[in-house]
Each structure stands twice: as structure tokens, then as C-alpha cells.
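Trainee: The listed protein sequences derive, respectively, from chains G, Z and R.
Residue numbering for the first sequence follows the working numbering, beginning at 2 and increasing consecutively.
Residue numbering for the second sequence follows the working numbering, beginning at 49 and increasing consecutively.
Residue numbering for the third sequence follows the working numbering, beginning at 664 and increasing consecutively.
If you're looking for bench data, these hints aren't it; they were derived computationally from the structure.
For every residue, glycine included, the Cβ atom is placed at its ideal position computed from N, Cα and C.
Check the hints yourself; a few may be wrong.
Said to hold, decoys possible - FRET-style restraints, in silico, Cβ to Cβ:
1. G:S18 x Z:T323: 32 to 38 angstroms
2. G:I132 x R:K918: 43 to 49 angstroms
3. R:F768 x G:G112: 46 to 52 angstroms
4. R:K922 x Z:A67: 33 to 39 angstroms
5. G:F194 x Z:A172: 54 to 60 angstroms
6. G:A30 x R:L679: 30 to 36 angstroms
7. G:R211 x R:R999: 33 to 39 angstroms
8. G:A19 x R:R912: 42 to 48 angstroms
9. R:L726 x G:I139: 14 to 20 angstroms
10. Z:L318 x G:R32: 46 to 52 angstroms
11. G:S15 x R:F788: 45 to 51 angstroms
12. R:L776 x G:S15: 48 to 54 angstroms
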Amino acid sequence: MTVQREETPGQPRSAWSARFLEYGLMWRALRRDRLALISLVIIMIFIAGAIFAPWLAPYPDQGMGKANLGEKLDPPSSAHPLGTDDLGRDLLSRILLGSRPSLSIGLFVVGLAMLIGTPLGAIAGYFGGWIDQAIMRITDIFLSFPALLLAITISAALGASFFNAMLSISLTWWPWYTRLARAQTVSLKEQTFVEASRALGVPGFTIIRRHIIPNVLTPALVQATMDIGSAILMGAALSFVGLGVQLPKPDWGNMLNVARLYFNDGPWFAIFPGLAILLIAMCFNLLGDGVRDLLDPQSRRTG
Amino acid sequence: MDQPLVEIRDLRLQFRTYAGIVHALNGIDLEIYERDMLGLVGETGCGKSMTGLAILRLVPRGGEIVSGSIRFRGEDLLTQPESYMQQIRGARIAMIFQDPSASLNPLFTIGQQLETVMRRHQQADKREMRDRALELSKVVELPDPARILDTYPHELSGGMKQRASIAIALSCGADLLIADEPTTDLDVTVQAQILDLLRRLRETQGVAILMITHDLAVVAETCRRVAVLYAGQVVESGPVDEVLYEAKHPYTRALLQASPRRSSRGQPLLAIPGTVPSGLQPLEGCSFSPRCPQAMEVCLQPPLRVSVTSAHAVYCFLYDGSEER
Amino acid sequence: MAKAEYVIRRLLLAVLVLVGVSIITFVIARLVPSDPVALYVGPRAKPETREAARIKLGLDRPLYEQYLRYMGEVLRGDFGISVRSRRPIVDDLKVFLPATLELVFVSMIFTVLIGIPLGVLSAAFKDGWLDHFSRVFAVVNVSMPVFWLALLMQLLFVRQLGLLPIGGRVSREIAILAPIDKITGFYLVDTALAGNWAAFRDVLSHLILPSIALATYGIGLSIRMTRATMVEVLQQKYITAAWAAGLTRRTVYFKLALKNAIVPTLMVLSLNFVWQISGAMLVEIVFLWPGLGTYLVNAILTIDFPIVVSVALVVTVFYVLSNLFVDVLQAMIDPRVILE
Chain G
2 MTVQREETPG QPRSAWSARF LEYGLMWRAL RRDRLALISL VIIMIFIAGA IFAPWLAPYP
62 DQGMGKANLG EKLDPPSSAH PLGTDDLGRD LLSRILLGSR PSLSIGLFVV GLAMLIGTPL
122 GAIAGYFGGW IDQAIMRITD IFLSFPALLL AITISAALGA SFFNAMLSIS LTWWPWYTRL
182 ARAQTVSLKE QTFVEASRAL GVPGFTIIRR HIIPNVLTPA LVQATMDIGS AILMGAALSF
242 VGLGVQLPKP DWGNMLNVAR LYFNDGPWFA IFPGLAILLI AMCFNLLGDG VRDLLDPQSR
302 RTG
Chain Z
49 MDQPLVEIRD LRLQFRTYAG IVHALNGIDL EIYERDMLGL VGETGCGKSM TGLAILRLVP
109 RGGEIVSGSI RFRGEDLLTQ PESYMQQIRG ARIAMIFQDP SASLNPLFTI GQQLETVMRR
169 HQQADKREMR DRALELSKVV ELPDPARILD TYPHELSGGM KQRASIAIAL SCGADLLIAD
229 EPTTDLDVTV QAQILDLLRR LRETQGVAIL MITHDLAVVA ETCRRVAVLY AGQVVESGPV
289 DEVLYEAKHP YTRALLQASP RRSSRGQPLL AIPGTVPSGL QPLEGCSFSP RCPQAMEVCL
349 QPPLRVSVTS AHAVYCFLYD GSEER
Chain R
664 MAKAEYVIRR LLLAVLVLVG VSIITFVIAR LVPSDPVALY VGPRAKPETR EAARIKLGLD
724 RPLYEQYLRY MGEVLRGDFG ISVRSRRPIV DDLKVFLPAT LELVFVSMIF TVLIGIPLGV
784 LSAAFKDGWL DHFSRVFAVV NVSMPVFWLA LLMQLLFVRQ LGLLPIGGRV SREIAILAPI
844 DKITGFYLVD TALAGNWAAF RDVLSHLILP SIALATYGIG LSIRMTRATM VEVLQQKYIT
904 AAWAAGLTRR TVYFKLALKN AIVPTLMVLS LNFVWQISGA MLVEIVFLWP GLGTYLVNAI
964 LTIDFPIVVS VALVVTVFYV LSNLFVDVLQ AMIDPRVILE
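Model the full structure from these sequences, guided by the hints.
Mentor: This is how it looks when you write it as C-alpha cells:
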């Protein structure tokens, strides 16, 4: 027997639609935070740059790896606004095309971590008992490893590639979301509307899907926004060490790896890719700060 | 009467908020004498806590004292440098707060907190401070003082926490103790004990007490003098018996009628129509006039102080009094 | 005594976690697709040699036996042999671990000395110029790719200004003229103990750039964390009560409020300690620092898995220990924690 829910005009019908309404309001409030707004704009520019890179890059084939030995390590000029790298390739094109893996790894890692971690945490928090213990012990163990080290180890075990790098970083990231979701779920569980649902005989997973997840989504999203910057940094670190995107395909991290050897002769080669990483990481962090101040002023995590 | 310990004249306090300027205090006049027990009574938001904080110049951020004077033993505290105030606070004027769980630092033992204050204002060695701490604990009637000094606030009951706070406040021999709703958060029986304690401390320690409260019953029981506050203005002040039994100001009367008393059992409580002003509008004249059943046109002027008797004063145009000041 | 109980409970939990960690490390090591036997005996070995090698390496026994054997060896200090160099890994660790630890310790000193006071002052003078500066500074630090910063530092201080050495722990001149007696492996300590001040200065000059580079993330993190917690603490009634008692600014900010605010910062710092061990890897590469990071990265590139596993294990032990340390510290600072 399903209970007919009367639609009160103006009232959201479910926790999910309440969430969407809330985000609409938050979006309007976010517009007032200038720093966060500027960051968002810059991020959009970067993303657009990444998507349209093959068309925006002045030398797309050099960007993808074609060498241009005649112009090795040329300083910035009108032909090459950011100079050229050790094989004469236009640095601007390399950076533009390298933004694709560098940015996407951040987004994928955090997305994956949230996708795996949040439901796991909700399940652990809701059902409690041995399920909770089991999930949390595994989480604790994963959290016992320093993230970068674990990512490097797994990545090395799987073989160096972009996909493996993304997978291994995600594996180090999901525990945080599980912990977050579990804590939220445990406090939500005590609330009356959950008890009411249970009294009506609603099965556990449905409760989780309908009530718990939308409510733990907000802190998870706040965390995610703040995490993207760190994920990008970790992705860059992995490729710097040689475990991500392989040359000649461009990636900000692997470019710096090579640039290291040439910084005496071509400092621009070392400066610009790193500058790009710094800039995008800052923007995500500032955006994350803004989002956190807005949606979750209680939270103190600085990631 | 002799020179007052604290004399506040025309104190005005404003807050800058995102909604505009809030006028928290609109010309407060108060006197507190040595060994006095003055009750400062009014509804939530009338400015009584702010008055207490203003005396210590601890007004929260965004607040500014725009005019008036607060004289302590003749010296206007508002003109003194911060370093002077730091000497005064805790040593000459002390304060206790409404929720002792919140006003005691959870990470330090009672003894440590006592010691920190004593060390600040007095040169004393460990042994002397420990002795004084034990002595103070006995004065505030804490059971088993030696053990209590080594416990943390969360291990004590509400009443004991408040006693500890009083001990800390009086540790350096203050002349004035500002008590901001000290019993509001306590159980009724404990309330009576603490009020009793405060009354006795006034005599044994020679300290004056400014009792800030919203509860007329507390005032009636413990205070010698009372000042009634409404929307940042003193509307009536004087000896407790005179003010409570021969209330002159319409607000005081309404307040008394609205308080549940044994004699009014079975009768409906008379609420005061209207709401307390938010303070965002600058004041014109008497703050109570919008709600006053006896308001007149002249009430748009700031009311003058009228002496009903030598000690009892009221700020209301209903009275012109034989002695007008 | 409640506190002792708490510590013991935490200790046991830490041991459990370590066991779990060792299992996972071991499992990951065994998942490596490359063939350790082939690496051990070479590509042209005869089948008998290979079989002998298999037995010697213990690869013929069931997995759990291999694990137990491995753990037994580890606990006796035997981390196995490098597949490439055939040398015992523990010897390498004895050289490389102190190098990295020294770097991390100096870096942590910078983190604490710069990060926490800036965070406190930032909160105390909220919305002032120092606050704005600190917050910008913190964001930059937290977003900084540490290996890039290291490169920039080299560019500036080594190439342009010629002030500091490019890498390594000691310069060749000192190694010849005033060699260091390796007692602890911590060169600052060793040179100070021996009174070898020329070497001390040399070691210090080599330490400055890498440790500052390594410290940046931690500095940013601790500024943000300390500031946020302090701002909350300063709004508490017990701080108002402290002001009302006439306590000085220094007492209120640095003795009272800081104690209330320090716990989350300590947690963050402990996480940071281990991050710095793994972040040291990146810095070591750039500054040619002979530490765990360089050791590990080389091992990865040569698929020398026993090394990778050993380093991972060692670092994780540090992590667990530092978490334990923070838990205990928290219990000592905040007595309410024990009740939970």
C-alpha cells in the first residue's frame, strides 16, 4: 500500500527535489562571492581550453608530440608565445593539449571516489553492526597509507598509464567520502523521519536512496569541490614521477619531468606548465572555499 | 548617599549590522554604590547584558559606544586606554555569565583557571595561590575544595560550575561583580542556593553586585535597588520595595501584571500588546510610547527624569513631580 | 586510570591496523604482473635454476605461508633483497631513511613555526591586513605543486643568485675535507655532536631549499586550519570570560584559545607529516636528495618490487605511529575525549 502524498503547492515533493531547489538558491548566493566567482570563470576558461584544445592550439601536431628540432628551446616569441620545449614543440600547444589529462584526472578521480565512497558510507552508517565494522575497517586500512605513496605503488603495480593513474588515485580517495557519508548517515538515522519510514516498512535500501543520500550529498559535494584541486595536484605528481600519461603525449606533470633537465637553458619550459597547475589548483580551492562557506559553514575541513 | 562606585551617564551604544545601525543603548543613567545590590531588569533584547559588557568595555565586534560616560570611582572608563581596562577587569570589576558550562574553559581544571587569573593580577607564589584558591572554594561553598580544584568543568554540576565561576570572579578582591543572568540556566533549587550565596558574599566580601536578569522574582528576592530597562533606556529606578510596590512607569506596571504571581492565580496573564522594537529605527522620545496605553503627544520627546522620592526616579511624562531635575 | 586505558586501546588498534596494512602491501606486491623469478635469475636461466630460485624465494608455498614468512623476516629486520642489486634492503633503508626523516623534520619545524602563529594572528586580527595576506598566502601554498616550486627555487637561488647548492646533502669539498662521522644518520645532529661546524653549515645550506619547498603545503594547511578553529574558539563564552577577567592578549590567544584550537590542527599536522614523507619523494627528485623518495622512484622504474613494498611498509608504520601519537596527545590535552 503506497501512501498518497498530497502535493502542497510550493513544497518540494521529495528530498531530492528539495536538494535541487536548495542548490538553485545557493547558486544565486554564490554569485555574490567575488573571489569564488572569478575562480569559477577561470575554471570555465580552462575547461573550455581543454575541450577545444585541438582547435585553439596554434601548432596542434606539435602539441600531440611531433618534434620540431629546428626550434629547440626557443624563448617566448611571437611565433611561440610561451616558447618551445626540448624538442622544439610549441609550449602553448603542449600546455593546451596537456590540460585534457591534467584536468580530467581531477574530475574523474573525485567523481569516482564520491560514487564509490558515498553509498558505501551510507550503507555502513545505516545498517550498522558487522557491515559497518567491516566497511570501516577496510576504510581505516586504506586511510593508513599515505595517499601519494599508495597511488604510486598501485600505479606502478598496474603499469604506467593515464587510466591506471586515475584508478589508483581514486582508490586512495574513496575512503574519505565513506567516512564523511557514514558520519552524516549516523546522525540522520536518529531523526524522526527515518524512524517513521522504517515504521511504515520501507526497505533499508530505499530509505538510503530516497532520504539519506540526498542529505549526505551536500557535504560530499562541498568536499568534492575542495578535493578536485588536490586530485589534480596528485595526478600531476604521478605523471611527474613517470606513472601517468606517457610521452610524447602531453601532460603538465610529465612536461615538468623533462623540463627539470633543461631549466638552465630554457626556464620557460619549467615555469609555464607548473604555473598552469598552480592556477587551476588555486581556483578550485577558492571555489571550494566559497562553496563550503555557503553550504556548510560548520565544516572546518581544509582538505 | 555617598559617591557611587559606578556612575553611568547617558550611555549610548550602537551596532553596525548588515541590516543597518542597531541602537542597543539609548541614554542609560545608572548608579551602583559600594556593597550595593542593583538589579537590572528587562525583557530579552532590552540591552541589559550590553550594559554589563559596556562597563567592562567588552562590547562585541561591530559595537561602538557613541556617547556617554561610565565613571568607576570617579574615573571615566571610556577615556582610559585598553591597558588600564585590562588592569580593572577581573581585579576591580568582575563578571559571571549565564551558562557556566560555556564560560569555563573545558580544557583547564578549576584550579588552573583560578591560578591564571590570580597570577595575572597578583604577585604570588604557587603555595599562596593554592591556599587562596582553597579559601575561595570554601567561601563559595564548594564541597571538597582540594579535589574540586583538580577537576575539569565537565565533571561538575551546574550549580558547582557557577560557584567556581564566582570564585574565579572574586579571586582578586573585586569591588563590583556583574552577574549576567547567573541563575537562568540552573535548576530552581540550585537557583535559590546561588542567589543566597551572592547575597551573603555581598556582606562578607564587601562586593557590590549588578544583577542582570529578566526575572522580577529574582530581583524582588535579592536586590536592594532596581533599574527597569526597556529598549535601551532606563524607565524607572529606585529601591526595590518602592519600585515594585509603587511602580510608576506604565511599562513597570505592565511587567508586574504580566508576571505570574500567587495572587493572580486563576486570572489570565496580561500580556503587553505589541513587540519590543528592533532597535533599527533611531529613537524618538520614549521608547515605550508605541505600546503605552497612556501615551501622549509629548511622549515623542525624550522623557525627563522625575524624582518620585529621593531615591526613586521615573522617566515618564505622566509625572511632573514636585522636584523636577 | 582512564587515560592509560585509552592509550592501550589505541595502541592495540594501531597494531591491528599495521597488520592489515602489511597484508595489503604484501597482496599488492604479489599482484605485480612481472615475474620476480625471472628478474632474480635472469632471462636465460635454465629451468632447474629457475625452479631452485622459486623455492629459494618461497614462491612455491601457499600465499598465507609466504605472508607469514615475510612478516617474520620483517619483524627480525630483514626486508628482503633488492631484486636488482642483490643487496639487503635494510642496509639501503639505514642510509636513506634518516636522510628523508631529517628533511621532513626540518620541514615540519618550518611548518609549525610559520603556519600556526600566522593562523593564530590571522584569527586574532580577523579581516585585517595580516589576515588577508595569510589567507592568500595559505591558498597559494596549498595549491602549489611542490616539485614545481622546487624547480623554481633552484632557478632562483642556484642559477640566478648562486646562493645555495643545487642538490645533495653535502658538497664534495666537505665530504673530502671535513667528512661526517655517521652516528645517527641525521647529519645536522652528527656534525653538531662532532663539533664539525664547517660541515654543519654545509649541511644546513643543503637542507634549506628542499625543506622549505616541502613545508609549503603544510604551512598553508596549518594556517587555514588554525585560523578556522581559532575563529570559532574566539567566539566562545569562555574566551569572553577570559577577557572579562582582564587577561592579556598574549595569554588569551596563545595560552587559552590556542589550546582549545590546537587539536584539529594537530590532527592535520600528523596527516601532513606523512604527506611530507611522500611529498619528500617529489622534492628529493628535484634536489637529488639521497633519500627514500629517490630510492623508491628508482625501484618503481626498475620494477624492483621488494623495495617498493618495504618502503611502503616503513612509511605506513610511521603514519600509523604518528596517528597514534596525535590520538594520545589529544587525550592529554582534551580530557573529554576519553569519555567517547
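Trainee: Take a look at whether the Cβ-Cβ distance between F194 of chain G and A172 of chain Z falls inside 54 to 60 angstroms.
Mentor: 58 angstroms, holds
Trainee: Check the following: the C-beta atoms of S15 of chain G and F788 of chain R are separated by a distance inside 45 to 51 angstroms.
Mentor: 46 angstroms, holds
Trainee: Could you check the hint for me, namely that I132 of chain G and K918 of chain R are 43 to 49 angstroms apart, CB to CB?
Mentor: With Cβ atoms ~45 angstroms apart, the hint holds.
Trainee: Cβ-Cβ distance between K922 of chain R and A67 of chain Z: within 33 to 39 angstroms?
Mentor: 36 angstroms, holds
Trainee: Between the beta carbons of A30 of chain G and L679 of chain R, is the distance compatible with 30 to 36 angstroms?
Mentor: 45 angstroms, violated
Trainee: Honestly, do R211 of chain G and R999 of chain R meet the 33 to 39 angstroms range at C-beta?
Mentor: Holds: the Cβ-Cβ distance is about 36 angstroms, inside 33 to 39 angstroms.
Trainee: Could you check the hint for me, namely that F768 of chain R and G112 of chain G are 46 to 52 angstroms apart, CB to CB?
Mentor: About 37 angstroms separates the Cβ atoms of F768 of chain R and G112 of chain G, which means 46 to 52 angstroms is violated.
Trainee: Just tell me: holds or violated, for the beta carbon distance of L776 of chain R and S15 of chain G against 48 to 54 angstroms?
Mentor: Because 52 angstroms falls inside the window, the suggested range holds.
Trainee: Cβ-Cβ distance between L318 of chain Z and R32 of chain G: within 46 to 52 angstroms?
Mentor: Roughly 49 angstroms apart at Cβ, these two residues keep to the hinted range, so it holds.
Trainee: Using the Cβ atoms, figure out if A19 of chain G sits within 42 to 48 angstroms of R912 of chain R.
Mentor: 45 angstroms, holds
Trainee: Honestly, do S18 of chain G and T323 of chain Z meet the 32 to 38 angstroms range at C-beta?
Mentor: 36 angstroms, holds
Trainee: Falls inside 14 to 20 angstroms, the C-beta gap from L726 of chain R to I139 of chain G?
Mentor: Once the Cβ atoms are compared, 19 angstroms apart, the range 14 to 20 angstroms for I139 of chain G and L726 of chain R holds.
Hints 3, 6, counting from the list given before, are not met by this structure.
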